[in-house]
Amino acid sequence: MENKLLPDNVTKQVKEVFSALEGPVKALFFRSEKKCDYCNTAEQLLNELSGINGKLTYEVFDVDSEMARKYEIELAPGIVLLTPDGDDKGVRFLGVPAGHEFGTLLQDIVTFSKGAKPELSKESLEKIEAIDKPVEIKVFVTTTCPYCPRAVLTAHHIAMANKNIKAYMIEANEFQEMSMKYGVSSVPQIVVNDRVTFVGAIPEGQYVEQVLKAL
Amino acid sequence: MSFFELGSAKKAEIEDRYDIIIIGGGPGGITASIYSVQAGLKPLIIEKALDGGQMNNTQAVENWTGFTSIGGMELSEKMAEHARAFDVPFFYGEVVDVELEGPEKAVILDNGRRIASNVIIVATGSNPRSLGVEGEETFRGRGISYCATCDGHFFTDKHIAVIGGGNSALDESIYLSKMVKKITIVQNLPKLTADKLLQDKLNATGKVEYIFGSVVESIEGDTQVRAINIRHQETGEITKLPIEGIFVFIGLLPNSGFLKGKVPLNGFGYILTDANMETEVKGVYAIGDVREKEVRQIVTAAADGAIAVYHAARTYFNG
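Chains as they are written, first to last, in the UniProt record's numbering: chain A, 1 to 215; chain B, 1 to 319.
It should be emphasised that the hints constitute simulated quantities derived from the structure, not laboratory data. Warning: the hint list may mix true and false statements.
Unchecked claim - Computed cross-link-like contacts, SDA-like style, restricted to lysine to any residue with a CA-CA straight-line distance of at most 20 Å:
#, chain 1, residue 1, chain 2, residue 2
1, A, 114, B, 12
2, A, 122, B, 96
3, B, 11, A, 13
4, A, 12, B, 78
5, B, 10, A, 10
6, B, 10, A, 6
7, B, 78, B, 299
8, B, 11, A, 53
9, A, 122, B, 113
10, B, 260, A, 202
11, B, 260, B, 98
12, A, 15, B, 233
13, B, 78, A, 16
All chains should be built: construct the whole structure from the sequences, respecting the hints.
Structure, rendered in structure tokens:
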């Protein structure tokens, strides 16, 4: 028996948060049998979470598979959440959602169990819904960054509002090559369509403007 | 794996109206919420990022009575747990506007939601001040950082400059010394202003050197920061220091922008209050670091919170 990842007091808190779960949520988990320092940790995390509440389930795929290509996951560990109806809303995690990002994963799971309705202001929602081109938002984070969850959650809710949008949480320390490529030295760093880059957790209205600038 | 923090996953379902809305979930705001419940009132805390606020950036708190030394994150968690034990709801979002005229007040969140209350307590604290020099905006996110715990790992085995010589600069430097190769501290005054205890701890790392009486004149680089130009204040001499990263801890600016023109602020943006923590606008209070005062400490923020609620309960709720 492996050591448990989540301490008892955290498990207890998760149980409380998960009491709000409505429909079942499925996580697609992408791992690699090649060099992947964090794949086992990420899988164990999903395993322990689904053990706390059976409404969360997960299915394992290789990052080099047809499924991975379908869901545009190129790095492992990767997580894609699906709504109770099996809908992909473009919400993705690359790397282990630990530290401060653990709360982000939990909130997304609860939101997905309720159908993944975006919690955005009316103005933001109208602007985002009108986007008719593909958008990819990368949010580089570290698990020790207290300002990062808000930047990820905003990106994820923007993705939930429009099928053309995908939003990735990317743990910068796990994917150093990619972080170097994007010159990440301060988080959260948000990159939209590889064209617009900004740093920091900014209010939703400004965030949406940055996304629109990348179109 | 190090830790698992639920953070804003612990958010409460919010209602449209509360007795007291507290903007900011640091030590002041949390203390105010506890006193509110004890006065029989219904408070709501609205927090932008993390329970405990800036306390989370402090490695070791050694002046909160009852704890010889406690981690800033741990103290944050304990305070928030204390409030939750009294059923205080926490909501996570940013207040972008306030309605302060008349007896009913309201806050507007960045998701458009409006929440009303009789009393508003502003406990929004402060944010790191930037240098305001040439190159700072260009290299923001390209080697300049204001948060050691967030970004420290990007500078593993590198030579960095830390700007500032106060308690937060040294506390953060001690944290950074675990990963970086070398730290050059640039301090505008002829000596450090940080507590002796922190100075000793940092010197014991053997990784630090000091440049005193000097300020950053400009920042240079290409795709990343490469050097800072430092001006000696007395001689005016400018020296170029090659470095691979800059951490700035030169003090704080109050988070009061959303109140401009609505409550009186001083020239630096700190909110003016009377001895009861009340602003000129009846029913609107300010506590903690965002308020104009001499001593900005966890313990004084908490005290402000108690004083504000004591007064508000008696004045606006017949408490």
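Each hint, compared with the structure:
Restraint check: the Cα-Cα separation between residue 114 (chain A) and residue 12 (chain B) comes to about 16 Å, which is no more than 20 Å; the hinted pair holds. With a C-alpha separation of about 15 Å, the suggested pairing of residue 122 (chain A) with residue 96 (chain B) holds against the 20 Å cut-off. Between residue 11 (chain B) and residue 13 (chain A) the CA atoms are separated by roughly 12 Å; this keeps the pair inside 20 Å, and the hint holds. Distance hint between residue 12 (chain A) and residue 78 (chain B) is fulfilled; the C-alpha atoms sit about 16 Å from each other, no more than 20 Å.
Using a Cα cut-off of 20 Å, the hinted pair residue 10 (chain B) and residue 10 (chain A) holds, with the two alpha carbons roughly 12 Å apart. Pair hint residue 10 (chain B) plus residue 6 (chain A) holds up; C-alpha atoms about 16 Å apart against a cutoff of 20 Å. Of the supplied pair hints, the one linking residue 78 (chain B) and residue 299 (chain B) holds, its CA atoms being roughly 15 Å apart against a limit of 20 Å. This hinted pair checks out: residue 11 (chain B) and residue 53 (chain A) have alpha carbons roughly 19 Å apart, not beyond 20 Å.
For the hint linking residue 122 (chain A) to residue 113 (chain B), the alpha-carbon distance of about 10 Å falls within 20 Å, and the restraint holds. Among the hinted pairs, residue 260 (chain B) with residue 202 (chain A) is consistent with the structure: their alpha-carbon atoms are about 19 Å apart, no more than 20 Å. A hinted pair counts as satisfied when its Cα atoms are at most 20 Å apart, and residue 260 (chain B) with residue 98 (chain B) qualifies at roughly 10 Å. With a C-alpha separation of about 58 Å, the suggested pair residue 15 (chain A) and residue 233 (chain B) falls outside the 20 Å cut-off, and the hint is violated.
Among the hinted pairs, residue 78 (chain B) with residue 16 (chain A) is consistent with the structure: their alpha-carbon atoms are about 18 Å apart, no more than 20 Å.
Checked against the numbered hints given earlier, this structure breaks only hint 12.
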